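Engineer: Based on the hints, put chain B in the right spot on chain A.
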Amino acid sequence: MFVPFFYELRTAGIPISPTAFLRLQKALNLGLVNSLEDFYTTARTILIKSERYFDLYDKIFAQYFLGVELKTPEEKELEGLVRALLEEWLKNPKQLADFLGIDPEQLKKYSPEELVRYFLEKLKEQTERHDGGDTWIGTAGTSPVGHSGIHPGGMRVGGISRNKSAIKVALERRWKDYAMNGPLDTSSIGEALKRLKHLTPSGPRDQLNISETIYQTVKNAGEIEIVFSPRLKDKLKIILVMDNGGWSMDPYIELCRTLFKYANDNFKQVRTYYFHNCIYDYVYEDPQRRAKPRKTLDFVREDPETRLIIVGDASMAPYELTHDQGTIEYGEYQTKSGLHWLKFLNQTFPHSAWLNPKLKEEWRYTAGSYTIARIREVFPMFDLTLEGLEKAVNHLTKK
Amino acid sequence: MEKRKLKEFEGTRTYVLDPELRKIVNISIALEMPLLLKGEPGTGKTLLAQAIAEDLGLILIVLNVKSSMKAVDALYQYDTLTRLNDARFGDSKRNVKNIEEYIRMGKIGQAFISESKVVLLIDEIDKADSDFQDDLLDVLDQMSFDIIEIDKTIKAKHRPIVIITSNAKKDLSDPFLGRCNFHHIAFPDPDMMHKIIRAHFPEIEQNLANSAIKIFYQLRKAPNVEKKPSTRELLNWLRALILDPSFKVKELGKEGKIPYLGVLFKKSMDLEQAKNYLSRVENL
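Keeping their order, the protein sequence lines are chains A and B.
With our numbering applied, the first sequence closes on residue 399, and no number is skipped along the way.
With our numbering applied, the second sequence closes on residue 284, and no number is skipped along the way.
One chain only, chain B, in its complex shape:
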């Protein structure tokens, strides 16, 4: 257990936290377990890590997983090219004989050698193949890894708070799941959405918030849409509505008129479908 007790995570000004998730985050921090978050895009998985870091006053280190990524890339890199260059031209202060000077820490490595506790976000782990997860298993379990080139073990000075996100496309491997706490973030319900909007636009008119949310959830029901608008789109849409001086709340949704529909539906096919849907639905 951590000697210096961390304060509990409470949520931040712009991140609205439901109590259940808060409990889960705090349990994971207390147990020093990675927390795996799944859920459809736009449910704020990535934002959660930022909010935790902000609230607890910790540095956030983000590892954006890419499909071609190998686990070792996330740990460290041996910069052979610079070493070759130094050996050839000898114009740097580095000691070419000392390989350690050419080892660069990857994101996980940085989190481990950090002098203070950090929040480590491993974003969209499902993008990489399953070898990636398997290779990270022990690293996250033991909080240490070896640099084979110089035969040195890097051990985490402070166990980072690890948040892992996955877009639920693929199931992660069982041993990996076994080492994580798990939560699935469902799409926020209208009540929650009200709170989220309030957090972002404290000054917003109640009428606007009400009708915008109503229309938003209605539009999410539009059939044949490939990418449904998410929280992010709703917030951007509201921003556009608020900035538009000619916009009047009363007219929103009347006769199927929705300004800036393109902010909500970003694919042209989806926009067509949404327009179709609006023309069929009479009362929003």
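Bound conformation, chain A alone:
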């Protein structure tokens, strides 16, 4: 029973073992599952082993048992989707141009960022006109969006309810927040982790290692051989500040987060903050950069031995870095220029480094070359490669 459901879950990337699935069958045979609601709970507790997958499970459950494709998405989600679509479309610019009603020649002048914005506006107009703002792209035929292959066919939002409560629970998407730090599978992550693990200070070799001493002494035929080990020093505290503004940064944010999450044991504490393009008066604890601002000035109270690692492409318009009102985030309060705040952070934390996902060879020629150069005057910058990471670690452990 429910074999297709099992495969749906697996295809979506939730690691489920066949054993767990058989166990679910056993539970069904025990007669404990009497409703769809029971099934929802039972299957989740048996199959899903981490709260990170709860949200995905909810989505697939709703889709499988009701045919709901997606709830009316929030703006952020929509944006992500549009970006994915755009990438697909850029292979066929003419279709895109037709849809947006602009000249293909003119299309080339837009940056991807601008395109997304333009597209979202267009989309808003359209949904309002056709569907009263309730449903969303792809009510078959209203736009080519629906045929992009991501959501083929039409979509029923809300849908018919066969068993309302379980579906409702699944549609509530209570576990969304936990899904954010899902694991990222990158081939080089193991290697990168090894390098990151060197980020530990070691004390002088002045602690007697008794078992090693005995071993060496015996090996030495009883002639006493004393072995000393390095003294354990306090682990490092890490502050990770990441630029999650532009979509070009997205894959790297996830990569860095995963990296530091797995390396967590090696450090006393790892804290993560976010900014967009450049750091001003506030950084944010939440990736949406809304709910949990923290004054940049407050970092002065931190232990100066803390290692500060900034991850960002350092590419922006020059005024964003140098001007007192340079922020491009609407409504953000700013007193001093980005450069001022970067210098401030650098002085607060003598051990700091900037990791740039752009390759070092590009730094002098890329679009943001001016700001990269200016920021390099403040922070030592390394590219986000294995080699760069190794150098950054060396730099950060230096006395």
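A portion of the hints provided could be inaccurate.
[As the list claims (entries may be wrong)] Quick list of in silico lysine-lysine cross-link-like pairs, DSS-like style, CA-CA up to 30 Å:
id	chain 1	residue 1	chain 2	residue 2
1	B	K221	B	K155
2	A	K26	B	K248
3	A	K237	A	K336
4	A	K261	B	K221
5	A	K343	A	K398
6	B	K221	A	K295
7	A	K292	B	K221
8	A	K261	A	K237
9	A	K235	A	K336
10	A	K235	B	K228
11	A	K26	B	K117
12	A	K336	A	K360
13	B	K127	A	K268
14	A	K268	B	K221
15	B	K155	B	K127
16	A	K268	B	K70
17	B	K228	B	K275
18	A	K237	A	K292
19	A	K292	B	K214
20	A	K360	A	K391
21	B	K157	A	K237
22	B	K93	B	K127
23	A	K292	B	K248
24	B	K266	A	K235
25	B	K275	A	K336
26	B	K266	A	K295
27	B	K248	B	K267
28	B	K107	B	K155
Quick caveat, the hints were computed from the structure, so don't treat them as lab data.
If you're wondering where the values come from, they're calculated on a predicted model, not measured in any experiment.
Structural biologist: Leaving out everything else, chain B in the frame of chain A:
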């Protein structure tokens, strides 16, 4: 399957159980699978095991995992020191030649040799290193372990109901997860909190409960706080408010005045932050 059918777990007077969790507990009991509970501190993971034991009338055995703990410590200990003492002074009734008399059962061992079914709580398993989990894998799977000193296998007389908690700091290993049922307890929402308060203070005034819960959730939003107040703190705070004869419900939260704020925020830095936050928020 268990021959004598256990009654289903229904929750207890002071432990408010949401139906979803009840289902999960009962499924785990029926499947004889360990149940792994994750969630932030103060969501009642540990209390759940106590409630299950109380409700089903079973004995609760708690294994508090410590960071230095080895799996064998949880199973049994060979008390060499006492044996040495007995061998040296010979003033006990134990037979020094019989090693078995010097084997002491650890918490898991106790659960296995118990004459009746027990609830075994393995609390905060993430504290120990991953070897600990790996070593326990087979023990929990087979419900048996060997005592190598006397070459004897201890097999569980009755499979205990195993509840494992983890504070979600570290991910547990995949094979371990594979052998458990899993649930993540989210922080209770205000409605649930009402029920929890009712369970603990059946006599409480509705007004007090309402405004206390409102303020509590507001205070949880205070920025830069290291340890947010949890259910336990809320209950203690209410207890303090109820005991204070001079306290009036109407005045709670007026002009940012919150008595016994220190009960909610236990770290001095957090208390400062909370006070700051209160001075900024005008209407609670």
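Engineer: None of the hints should be skipped; say for each whether it holds.
Structural biologist: A quick look at each hint next to the structure:
no., hint, verdict
1, B:K221 / B:K155, "49 Å, violated"
2, A:K26 / B:K248, "56 Å, violated"
3, A:K237 / A:K336, "27 Å, holds"
4, A:K261 / B:K221, "24 Å, holds"
5, A:K343 / A:K398, "20 Å, holds"
6, B:K221 / A:K295, "16 Å, holds"
7, A:K292 / B:K221, "9 Å, holds"
8, A:K261 / A:K237, "13 Å, holds"
9, A:K235 / A:K336, "34 Å, violated"
10, A:K235 / B:K228, "25 Å, holds"
11, A:K26 / B:K117, "22 Å, holds"
12, A:K336 / A:K360, "29 Å, holds"
13, B:K127 / A:K268, "15 Å, holds"
14, A:K268 / B:K221, "25 Å, holds"
15, B:K155 / B:K127, "26 Å, holds"
16, A:K268 / B:K70, "23 Å, holds"
17, B:K228 / B:K275, "14 Å, holds"
18, A:K237 / A:K292, "21 Å, holds"
19, A:K292 / B:K214, "20 Å, holds"
20, A:K360 / A:K391, "13 Å, holds"
21, B:K157 / A:K237, "48 Å, violated"
22, B:K93 / B:K127, "39 Å, violated"
23, A:K292 / B:K248, "33 Å, violated"
24, B:K266 / A:K235, "25 Å, holds"
25, B:K275 / A:K336, "28 Å, holds"
26, B:K266 / A:K295, "23 Å, holds"
27, B:K248 / B:K267, "26 Å, holds"
28, B:K107 / B:K155, "14 Å, holds"
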